[in-house]
Amino acid sequence: MAPNTARAKRRRAALRTAAFLSPWLIGFAVFFAYPLLSTVYFSFTRYDGFRPPVLNGLANWSYVFTDYPLFWPAMRNTLWLVVVMVSCRVVFGLGIGLLITKIKTGAGIFRTLFYLPYLAPPVAATLAFVFLLNPGTGPANTLLDGMGLPTPGWFTDAAWSKPALTALALWGVGDLMVIFMAALLDVPKEQYEAAELDGAGARARFRHITLPNISPIVLFAVVTGVIQAMQYYTQPLVAGKVAAGVIGGSGQQFEPGYPDKSTLTLPQLVYNVGFQRSDYGAACVVALVLFALSMAFTALLMRRRGGLIGAGD
Amino acid sequence: MTLTDTNPTDERPRTRPPAGGPAPAARPRTRKAVLHWVAVHSLGVAAALFFVLPFVFLFLTSLMSDHQALTRDLWPRTWEWGNYAKVWHTPGFLTWWRNTLLYAGLGTLLTVVSSVPVAYALAKFRFRGRRLALLLVIAMMMLPPQVVVIPMYLFWAKQLDLSGTLWPLIVPMAFGDAFSIFLLRQFLLTIPDEYLDAARVDGCGELRTLLRVVLPMARPGIAAVALFQFFYAWNDYFGPQIYASDNPAAWTLSYGLESFKGAHHTNWNLTMAATVLVMAPVIVLFFLAQKAFVEGVTLTGVKG
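Quick note, the sequences are listed as chains A and B, same order. Numbering of the first sequence is given in this note's numbering, commencing with residue 11 and proceeding in unit increments. Numbering of the second sequence is given in this note's numbering, commencing with residue 2 and proceeding in unit increments.
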């Protein structure tokens, strides 16, 4: 009898676990595993969404990598964002986090003001920035001009459109500020006091105490920043569309990645190839490139920071 | 750890300069402290200008006349509060509001209801494959939505004929959201097992333990998840673009706002008024629920 009841008990526990997990198990199958496998399959077919897909081997892959004129510009832009935008955001976020831990008077107000832009919905924030950085009449250039500084074309100039997007990303640095602030306040005070007794200056204390203590958080910020940068979609798309409309008037055919492909990112290509040109096969190739990049960085995040999974494992 | 709990303001009042009193004595430490205070707070004000001025300019522009919004003026000559009424009565604007509230409200509710039991099982049950399940949750969390959009679009549009509605965005939320599951699991890990064991000893089944014991303790975590999900839906542009773009009656604010710019390409004042109207609810919500929100950010890092 005993083994029987033990087995029954185990089976009950397994059923119970399955019941609790069931929403996600269904979600995983229907919204992750199945579409991912389909994407792989479609990437080897010629498919326009109307006629049934026809296997065509590696044709889509070689088309995307060698002939499709927008793939490498989008790849380069994505890499630019990964390198420049992410490092600017991490350095700026750390600076603002440090600043907020030093502010003694009105800290609550400063914190709220620094944090608020992070909450601005991306479409709204992007529209606001296209207006602020409007080369002719925007307030930013009006201020720069008043100070005798050069007035760039921002979202209408291919050399300045990504720096303009970076400015937008720096404006919304509130999430990093909060994370860094929490990490900085966790650094043991005794370490600072001991260093001060030893005569260490502010810079030495930052290098030898602050940085080593918060380096896991810096790494976390870098990797999640990279993953976000690879998903960067709404801001560059809206900025390109609106800036193109500002120059050419509405109703004009939108050129992807305006100006001169400089705001095109990989996620936008999936949309352009798939939904605007109905080439689902090639779109799936781009999607898989995006998938491979994201998972590579996710693996890096989990290897270097077991903390993501945390206690209990 | 929250912003409010770690408020450094009241920790070291002694480094503050004496307000309004006689000039500080020439003790070098105090002088240095005053200079330090001035330097830090000047930097703070400079940073605050960077974060606040965009809001100020867009608000001022939203109150200019059509003509003045096209000039380099920074300050409205006449205050056109009517701009807001004009935007509000734009055909479709109210529909976008309703759709956004439906998507964000119903979506948030479904996400919480479906994610809590999953997070509970991942945090508190011991079973084979738990680690694998957790890894898959994280993989789903990191997956750019564009990766699977083509089969998903074909599924919703061609097989279920639901394109032109928001259901393809709302229904999946009834099957757990990876980010919410992850965040809730992290939160539930902090609840000591003793509470659960006590409930079980009292004869509670797992479901009753979850509802009676765990849920009340997990309220801050649930609040954070709900807020994130609400913001996610409010801000979502890609989803409505894929499924609702050919039917303006199903547009949300985030999607409609961009087309609003297209239709009023010379009216920066109206566009900025619409922008303010889309930003305002999110910011009001933040002030109402500041603590829960910041707690969530610190708990997990970032949601894009």
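Read the hints as simulated data drawn from the structure, not as lab findings. A couple of the hints might just be wrong.
Listing some non-contacts, in silico: residues in chain B with all C-beta distances to chain A over 10 Å [unchecked claim]:
1. H42
2. F58
3. G93
4. L107
5. S116
6. F126
7. I182
8. C205
9. E207
10. E259
Simulated crosslink set (EDC-like; lysine to aspartate or glutamate; CA at most 20 Å straight-line) [unchecked claim]:
11. K271/A - E200/A
12. K19/A - D198/B
13. K292/B - D194/B
14. K112/A - E200/A
15. K19/A - D77/A
16. K292/B - D167/A
17. K172/A - E265/A
18. K87/B - D67/B
19. K112/A - E265/A
20. K125/B - D203/B
21. K33/B - D77/A
22. K159/B - D58/A
23. K112/A - D196/A
24. K172/A - D270/A
25. K125/B - D67/B
26. K19/A - D67/B
27. K33/B - E265/A
28. K271/A - D58/A
Some chain B residues judged to face chain A by a derived CB distance under 7 Å, without partners named [unchecked claim]:
29. P145
30. V148
31. L161
32. R201
Just so it is clear, CB atoms sit at the ideal spot from N, CA and C, and this is done for glycine as well.
Hint-by-hint comparison with the structure:
no.: 1; hint: H42; verdict: violated (6 Å)
no.: 2; hint: F58; verdict: violated (4 Å)
no.: 3; hint: G93; verdict: holds (15 Å)
no.: 4; hint: L107; verdict: holds (16 Å)
no.: 5; hint: S116; verdict: violated (7 Å)
no.: 6; hint: F126; verdict: violated (5 Å)
no.: 7; hint: I182; verdict: violated (6 Å)
no.: 8; hint: C205; verdict: holds (13 Å)
no.: 9; hint: E207; verdict: violated (6 Å)
no.: 10; hint: E259; verdict: violated (5 Å)
no.: 11; hint: K271/A - E200/A; verdict: violated (53 Å)
no.: 12; hint: K19/A - D198/B; verdict: holds (17 Å)
no.: 13; hint: K292/B - D194/B; verdict: violated (26 Å)
no.: 14; hint: K112/A - E200/A; verdict: holds (17 Å)
no.: 15; hint: K19/A - D77/A; verdict: violated (60 Å)
no.: 16; hint: K292/B - D167/A; verdict: violated (41 Å)
no.: 17; hint: K172/A - E265/A; verdict: holds (16 Å)
no.: 18; hint: K87/B - D67/B; verdict: holds (12 Å)
no.: 19; hint: K112/A - E265/A; verdict: violated (47 Å)
no.: 20; hint: K125/B - D203/B; verdict: holds (18 Å)
no.: 21; hint: K33/B - D77/A; verdict: violated (64 Å)
no.: 22; hint: K159/B - D58/A; verdict: holds (12 Å)
no.: 23; hint: K112/A - D196/A; verdict: holds (14 Å)
no.: 24; hint: K172/A - D270/A; verdict: holds (12 Å)
no.: 25; hint: K125/B - D67/B; verdict: violated (60 Å)
no.: 26; hint: K19/A - D67/B; verdict: violated (73 Å)
no.: 27; hint: K33/B - E265/A; verdict: violated (57 Å)
no.: 28; hint: K271/A - D58/A; verdict: violated (25 Å)
no.: 29; hint: P145; verdict: holds (4 Å)
no.: 30; hint: V148; verdict: holds (4 Å)
no.: 31; hint: L161; verdict: violated (12 Å)
no.: 32; hint: R201; verdict: violated (12 Å)
Checked against the numbered hints given earlier, this structure breaks hints 1, 2, 5, 6, 7, 9, 10, 11, 13, 15, 16, 19, 21, 25, 26, 27, 28, 31, 32; the rest are met.
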